[in-house]
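Trainee: Below are the chains, spelled out letter by letter.
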Amino acid sequence: MRLSGRGLRCVRGGRELFSGLDFDAAAGEALAVVGPNGAGKTSLLRLIGGLLALEAGSIALDGGDAELTLAEQAHYLGHRDAMKPALTAMENLAFWAEFLGGVPADPAECLAAVGLSHAAALPAGFLSAGQRRRLSIARLLAVRRPIWLLDEPTSALDLASQRIFAGLMTAHLGGGGMIIAATHAPLGIVARELRIGDES
Amino acid sequence: MTALAALIRRDIRIALRVGGGALIGVLFFLTVVVLMPFALGPDLALLARLGPAILWIGALLASLLTLDRLFTADHDDGSLDLILMSRTPLELACAAKALAHWIAAGLPLIVATPVLGLLLNLDGPSTLAVALTLLAGTPALTFTGMIGAALAVTLQRGGLLLAVLVLPLSIPVLIFGVAASNAAIDGPLSFGTPFSILCALSLASLVIGPFAAAASLRHGLD
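Top to bottom, those sequences are chains A and B.
For reference, each letter of the first sequence is one residue, going 30 to 229 in my numbering.
For reference, each letter of the second sequence is one residue, going 80 to 301 in my numbering.
Hints listed in this document are in silico derivations from the structure and should not be mistaken for laboratory results.
Keep in mind the model is a prediction, meaning the values are calculated, not measured.
Idealized CB from N, CA, C, for every residue including glycine.
Be aware that one or more of the hints could be misleading.
[Unchecked claim] With the Cβ distance kept under 7 Å, some of the chain B side facing chain A (calculated, not the full set):
#, residue
1, 81
2, 82
3, 85
4, 122
5, 154
6, 156
7, 169
8, 236
[Stated by the list, open to error] From the structure, some residues in chain B lie toward chain A, with a derived Cβ separation under 7 Å:
#, residue
9, 95
10, 96
11, 165
12, 166
13, 170
14, 171
15, 295
16, 297
Assemble the whole structure, with the sequences as input and the hints as a guide.
Mentor: Next comes the structure, spelled out in structure tokens:
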């Protein structure tokens, strides 16, 4: 499996963020997108996830599931955690496991993997920022999708959680997955750097 | 199918929890209808004549009140991104969300109608007729309102815009809903004609609404 982008151009609010951007990522490989604030790291992830329209260029996935689009094979972990404050951690996770499609894993095991078993019955609104982030990470495990698009995944995580998350990412890569992460902090795994927005 | 059922269950559950939309709509409906007799005075004949119109306007405003959160809530917390990236066609997801909204916010209005009919001096059969027209007509309000909700999704405080956008689409529903109610209560028109048109409006919006909403959500990607 190989994901490649060629000549990508992104315009946001009338301002060009980047143009002529190329990238490649193979199965089992992590790509760390680095660059200053406002360089377009989040926009690149959203382009790959099909959440933004391409101005120019193309993104192609070779060797994926031919029946599914690129977006349907990717998990997106954004700034906003997509968890409803009124529902419990378990209800939130069980919903995404069912809704996202594919073969769902046991939500209880996913919660245990991020160390949130004790908070399963708590409404998500009562969780701390770090716990909510861990709940979002549990969503990545709830349904298997080969491509993980992570936007500042380690923000709000304490050191122990960062280590757990690095372990989960390593396991995902070991299983033939692919990670593209926009980040300022080190991810704790071996990752190739993709630098954008350097000129300015 | 399990994905759609999961979405419907989630939205209904959120609406019924504290701070959800279900209770707010009914309370607003109650407020509007309870205030009317005080404003119009103790003229029983007048109340009975205006009753169906008051109930319909109350239901229309109550459904507009809760509709603006239909997509905005999911947009604000990032759920909409994941819904767009799911394997469920967006049109079906939109239809499921509207159905959940109707079950959580529309059905309670219909259940409350018999109680509120008492306040407006409507007798049993008349109240039943109004409840029946609401049952046939409120899906049209939800499914056309959904188009406005999808258009206003990226705007801050899009609630008022939603009302302005949706109003022209709601007017036919209001006209035929009240006409059918009045026809059932004191004629002279037959009940069947306006009621059939009301059902047709609901069915048409059931088909058009999800496609229009999905198209505007896709177009409004940011």
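Trainee: Would you check whether residue 85 of chain B satisfies its interface hint, that is, whether its CB is within less than 7 Å of any CB in chain A?
Mentor: holds (4 Å)
Trainee: Would the stated hint for residue 96 of chain B survive a check requiring a Cβ distance to chain A of less than 7 Å?
Mentor: holds (4 Å)
Trainee: Double-check residue 81 of chain B for me: the hint is only fine if its C-beta lies closer than 7 Å to a C-beta in chain A.
Mentor: For residue 81 of chain B, the interface hint holds, since the closest Cβ of chain A sits about 6 Å away, which is under 7 Å.
Trainee: The hint names residue 236 of chain B as touching chain A; please verify it with the least Cβ-Cβ distance against 7 Å.
Mentor: violated (19 Å)
Trainee: Can the hint on residue 165 of chain B be confirmed by a CB-to-CB distance to chain A that is less than 7 Å?
Mentor: Residue 165 of chain B check passes; min Cβ-Cβ to chain A is 5 Å, inside 7 Å.
Trainee: Regarding the hint that residue 122 of chain B lies at the interface with chain A, is the smallest CB-CB distance below 7 Å?
Mentor: Because about 44 Å separates residue 122 of chain B from the closest Cβ in chain A, which is outside the 7 Å limit, the hint is violated.
Trainee: Does the interface hint hold: is residue 297 of chain B within less than 7 Å of chain A, judged Cβ to Cβ?
Mentor: Hint on residue 297 of chain B: violated, closest Cβ of chain A at ~9 Å, above 7 Å.
Trainee: Should the hint that residue 166 of chain B touches chain A count as held when the rule is a Cβ pair under 7 Å?
Mentor: Holds, because the Cβ-Cβ distance from residue 166 of chain B to chain A comes to roughly 4 Å (cut-off 7 Å).
Trainee: Against chain A, with CB atoms and a cut of 7 Å, does the hint on residue 95 of chain B hold up?
Mentor: violated (9 Å)
Trainee: Report holds or violated for the interface hint on residue 82 of chain B, using the least CB-CB distance to chain A and a cut-off of 7 Å.
Mentor: This hint holds: residue 82 of chain B lies near chain A, its Cβ roughly 5 Å from the closest one there, short of 7 Å.
Trainee: Hint residue 295 of chain B vs chain A: min CB-CB distance below 7 Å?
Mentor: violated (14 Å)
Trainee: Taking the closest Cβ pair, is residue 154 of chain B under 7 Å from chain A?
Mentor: violated (9 Å)
Checked against the numbered hints given earlier, this structure breaks hints 4, 5, 7, 8, 9, 13, 14, 15 and 16; the rest are met.
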